[in-house]
Amino acid sequence: MRQTNDERETMDYKRQLGFSKELIMSDLKKERMIQYINLKLSSLELPVFADDNDKGFIEIAHDLIASYQEKSRLLADHLCPPDERIQQFINSYLEDCPEAPKILLPAKTFILDHHGIARMLSIPPNADSYTSPLVHSYRVKQGILHNPKNDRRTTKGVFHVAEGGLPIPDDKKAVPKLVFARLLEAALNPPQSFLELPFTSKSENMAQTFVSLYLRPTVSPDIPGFSVRKSMEIRLFAPGSLVSNLDFAESIFGNAGDPLLPENDAALDLAHWTGHTGAIILAPHLIHLTKKELGLPHVSKASKRQKRDGMCWENKDERYNDGTAFKITARSEKGVIVTVIADNYFGYTKKEVKTQIGFAANLFGNVEEEHSGGAMAFPSYNLGDEFHDDTQVAKSGHNFEEMSKIFADTIQIHPEGYATDKNYSNIVYLPEKARIKLNNMQICWEHNGQGQKLKLLRDHIYFHPAGYKVRLEKNPEINSWNLTGTVAEGLFIHKPSTVSGGGKSEISKSISDAILYGPYFVADFEKDFDLVNEIIHRDYCDRFQNKLPDNHISRAILSSERSLGSVIKLLTPSKDYTEEYNNWLNTIPLYVKGLVFLVKRLYRLEWGESWRQFFSVDIVNGKPGNELKFKNNKLIASYLRVGRTKDGYWRTFRLRQDFNAADKIQFEDDITASTVVPIQEFSVLPQVEGFHGLKFLENCEYRFFQRPDDAIHRGYDKQAESDLSKGNTFISNFEALTRQDAIAIFEDAIAFEEYSEPMQQNIRDMAEKSKWSY
372 MRQTNDERET MDYKRQLGFS KELIMSDLKK ERMIQYINLK LSSLELPVFA DDNDKGFIEI
432 AHDLIASYQE KSRLLADHLC PPDERIQQFI NSYLEDCPEA PKILLPAKTF ILDHHGIARM
492 LSIPPNADSY TSPLVHSYRV KQGILHNPKN DRRTTKGVFH VAEGGLPIPD DKKAVPKLVF
552 ARLLEAALNP PQSFLELPFT SKSENMAQTF VSLYLRPTVS PDIPGFSVRK SMEIRLFAPG
612 SLVSNLDFAE SIFGNAGDPL LPENDAALDL AHWTGHTGAI ILAPHLIHLT KKELGLPHVS
672 KASKRQKRDG MCWENKDERY NDGTAFKITA RSEKGVIVTV IADNYFGYTK KEVKTQIGFA
732 ANLFGNVEEE HSGGAMAFPS YNLGDEFHDD TQVAKSGHNF EEMSKIFADT IQIHPEGYAT
792 DKNYSNIVYL PEKARIKLNN MQICWEHNGQ GQKLKLLRDH IYFHPAGYKV RLEKNPEINS
852 WNLTGTVAEG LFIHKPSTVS GGGKSEISKS ISDAILYGPY FVADFEKDFD LVNEIIHRDY
912 CDRFQNKLPD NHISRAILSS ERSLGSVIKL LTPSKDYTEE YNNWLNTIPL YVKGLVFLVK
972 RLYRLEWGES WRQFFSVDIV NGKPGNELKF KNNKLIASYL RVGRTKDGYW RTFRLRQDFN
1032 AADKIQFEDD ITASTVVPIQ EFSVLPQVEG FHGLKFLENC EYRFFQRPDD AIHRGYDKQA
1092 ESDLSKGNTF ISNFEALTRQ DAIAIFEDAI AFEEYSEPMQ QNIRDMAEKS KWSY
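Numbering (the numbering used here), first residue to last: 372 to 1145.
Please note: incorrect hints may appear among the correct ones.
Stated by the list, open to error - Simulated pairs of lysine-lysine, DSS-like, Cα-Cα distance not exceeding 30 Å: (1) K722 to K705; (2) K1142 to K1097; (3) K1035 to K808; (4) K964 to K898; (5) K722 to K1089; (6) K722 to K1066; (7) K672 to K548; (8) K804 to K793; (9) K548 to K479; (10) K866 to K722; (11) K845 to K1035; (12) K675 to K527; (13) K964 to K1017; (14) K1035 to K804; (15) K721 to K1066; (16) K826 to K1005; (17) K400 to K721; (18) K705 to K544; (19) K543 to K663.
Claimed, not checked - Just the calculated beta-carbon pair ranges, DEER-fashion: (20) E575 to R1085: 42 to 48 Å; (21) D830 to E932: 32 to 38 Å; (22) N850 to H785: 29 to 35 Å.
If you are wondering where the hints come from, they were derived from the structure by calculation, not from laboratory data. Cβ coordinates follow ideal geometry from the N, Cα and C atoms, glycine included.
Let the hints inform the model, and build the full structure from the sequences given.
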C-alpha cells in the first residue's frame, strides 16, 4: 500500500537528518552501521572493510547478497527515476550536437540512503584520519573535521553556462555545447584514485565507486490552510574520495532516502513536487583539461564574446579556465538543470543547491529563493533587584487560573498557588501578583488570603501568566547578580536579498559578546548628585518652541507616569525645543545625564524624596572615591564595542542601565523560500491598511553552517566555543589538534583562562583523557 501525500510529508528526523538524543554514536550503533555499509558494498560487488565480526556477518548474508547481485545484473542499465529524468534531459539537450560523446550517468553508485552513512564512509573504521590530495578528514572528540584542499571560494570567472538552453546572462561565461558535453563526459570518468572510498582505504583491497545522494530542498513554503510545502529534487554525484562533500550537503539539506524506492519518487508525490530536477556532479580533475582537447576554437576563429570569456586558445597547452576552479551549468525551460563543479570546496556545493532552488522557483512562479538571514528576537531587560507586574508586564488580562486551564496537561499545580512544568523541572509558573526580590532571594504572593513564598533559584525560569519570563543572571565579568525579564512575544527580523558579507548571520547572533562591563564612575560624588538633583526637580514646561498652556504641569522625572525612554528624550536636544533649552542641555556633562538615567532606572515610589541616600562612594585615603555604589553594592556599567579606531583601539558606547541583549532564535542563515499571498485569504489576521499581501518565509536549511570569524579570539565568540565543544559537530577548515596540543593549551594558564567555560572543559577533557586522537 503506497503512502499518501500527508504521510510522505511526515519527516523521519532520525533517518533523514540524524537527529538523535545521542550526541556521540555508541559502539553498538557504529558496528551496525559498518555492517550495513559492508552489506551495500557487497551488493555492488565491491571490497568491504572486514574484521572478524564483519567477515562472519558477510558469510551469513552471502546468499542474500548473491541473489541481489544477480537481479542487479538483469537491470544493469536501469536508472532510478530522478536519474532517468536527468539522463533524458542530457540526451535531449545534446541531440543537435552530433560530435558530442555518448553521456551515461552511472547506473551503479553507492547510494547514501540514510543520514550518517556519508560520515562513516569518510574515514576508515580502524583509523581516526583520512588523507588524500583533495581532502584531509579527522574523527575528532567533538564529531568530524573535514578540510578540503581549497578552503575558500571565489566568484571571478567561476560561473560558466552551456549554450543552447535558457538565455545566458552577460556576466557569465558562455560555453559551446560540445565543450559542455566533453566536460560532462570527463566528469563522469574521473581518475581511479578519485573513486577510492575512504572507508576501505586501510584495507588490502580498496573499493572504488561513485557515491550519490538524493535531496528534496524546499522551493515553496508551507502555508497551513492555503498551500502545502513544495520541493524540487536534486541528485548529487561524487567520486568516492569526496564523500565528505556529500556529508556536508546532507547535514544541511537532509537526506531524501533511496531514489530507487517508489515512496521517495518525487514524480509520484504531485502534491509536494514542483516538477523540477537538478543534478550536481563533483569533478575537481577537470581543471587539468586543456582548451584545445575540449574543442574550444583557436583565437583566430573565436567570436568577440569567446575572446572576452577566454573560450579560445593561442597555446595548445592552455588549460580550461586557466586551470582554476569553475562550475558549468546546462539548463532549459523544461525544468532540469545539470551542473558540474570542478572543485571540492564545500561552499560551491551549498551555493549550487541554492542556485538550483532559485532556478526551480523562477520556473514555478510566485515563489522566490532569497539570499537572506533572520531570527526571532525577544526583547530582554535588566530588571535590577525586583520584579512585579505593575510596570514591567503589558496588561493582557491573563491570570494564573486561566493559564492553569490552558496548560493543564503540561503543568503540575501546587496547593500554594503556583505550578511547575512536568517536562522541565526548572520552569516555574507564578500567579500574576507575585513579586520577585533579589535582596532576600524570595518570590512572594498571596493565595486564599495567606502569604506564600518560594526561594529564588539560579538556573530556573519564572513565568508570569502573560508569558513574561524572569530569570536570575550573573554578570559575565564580575560577581554581580540581577533579574532579567524577557517579553512573551518576539519580533521576527528578516534580512532579505542580501549580498555576501551583508550581515545575514550577524542579525541572528547575540550582541552580548560585544559588551564590556566595568565600574560606574563619578567625578565628584557630591557635586555630581547636586546637579542630578537639580535636573530631577527642574520645571520642563518651558522647553517647547510652541508654548504650552499656563496651567500645564510637566510630569516629574521620577514620576511613574514618565518612562525611562521619556526621560532620555527629555534630556536630548531636539528641533522642537527652544534654543535656550537646547543650550542648557548641552552644558550637562554626558556622564551626569547617565546618572539621571541611572537614578530613574533604580527609583522606587516608596523612596519619595529620599532617593539620594541609596547612592554612595567609599572613602579612599580619607577622600571620597569615584566608584559609585547602590545600596552599598558596586554598580556596573555596560559598554558596547562598535569597531576600532585607526590606531586599533575599541570604540565603545555606554548602554542604558536596564539594557540586556535580546534572546534570539535563528530562523534563517542563507537560503530562504518565500511567497506572497493576498491578505484577504487570512481572516484571522488583522487587515492592515495599505498592505495587500503578506510574505511567508521558510528556511531551506535544516542545519546552519556558521563561519565563526571571531572564534580566533579566545573567549570572544561564546556561542561558537559552546557549539565547538559539543559532540556530533560537523567542522571544516580548522586545524586538527592532538592530545599533546590540548595539554600545552591547558598548561598555559593565562591563555587557558581566556576561553569560555564550555571550551575550557572540552580542552581539559582532551588533556586528561587519551581516548581520542584529535
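Hint check:
| no. | hint | in the structure |
| --- | --- | --- |
| 1 | K722 to K705 | 22 Å, holds |
| 2 | K1142 to K1097 | 16 Å, holds |
| 3 | K1035 to K808 | 26 Å, holds |
| 4 | K964 to K898 | 13 Å, holds |
| 5 | K722 to K1089 | 28 Å, holds |
| 6 | K722 to K1066 | 24 Å, holds |
| 7 | K672 to K548 | 17 Å, holds |
| 8 | K804 to K793 | 23 Å, holds |
| 9 | K548 to K479 | 27 Å, holds |
| 10 | K866 to K722 | 18 Å, holds |
| 11 | K845 to K1035 | 19 Å, holds |
| 12 | K675 to K527 | 19 Å, holds |
| 13 | K964 to K1017 | 29 Å, holds |
| 14 | K1035 to K804 | 28 Å, holds |
| 15 | K721 to K1066 | 25 Å, holds |
| 16 | K826 to K1005 | 24 Å, holds |
| 17 | K400 to K721 | 29 Å, holds |
| 18 | K705 to K544 | 22 Å, holds |
| 19 | K543 to K663 | 21 Å, holds |
| 20 | E575 to R1085: 42 to 48 Å | 45 Å, holds |
| 21 | D830 to E932: 32 to 38 Å | 37 Å, holds |
| 22 | N850 to H785: 29 to 35 Å | 33 Å, holds |
Violated hints are absent here; each numbered hint is respected by the structure.
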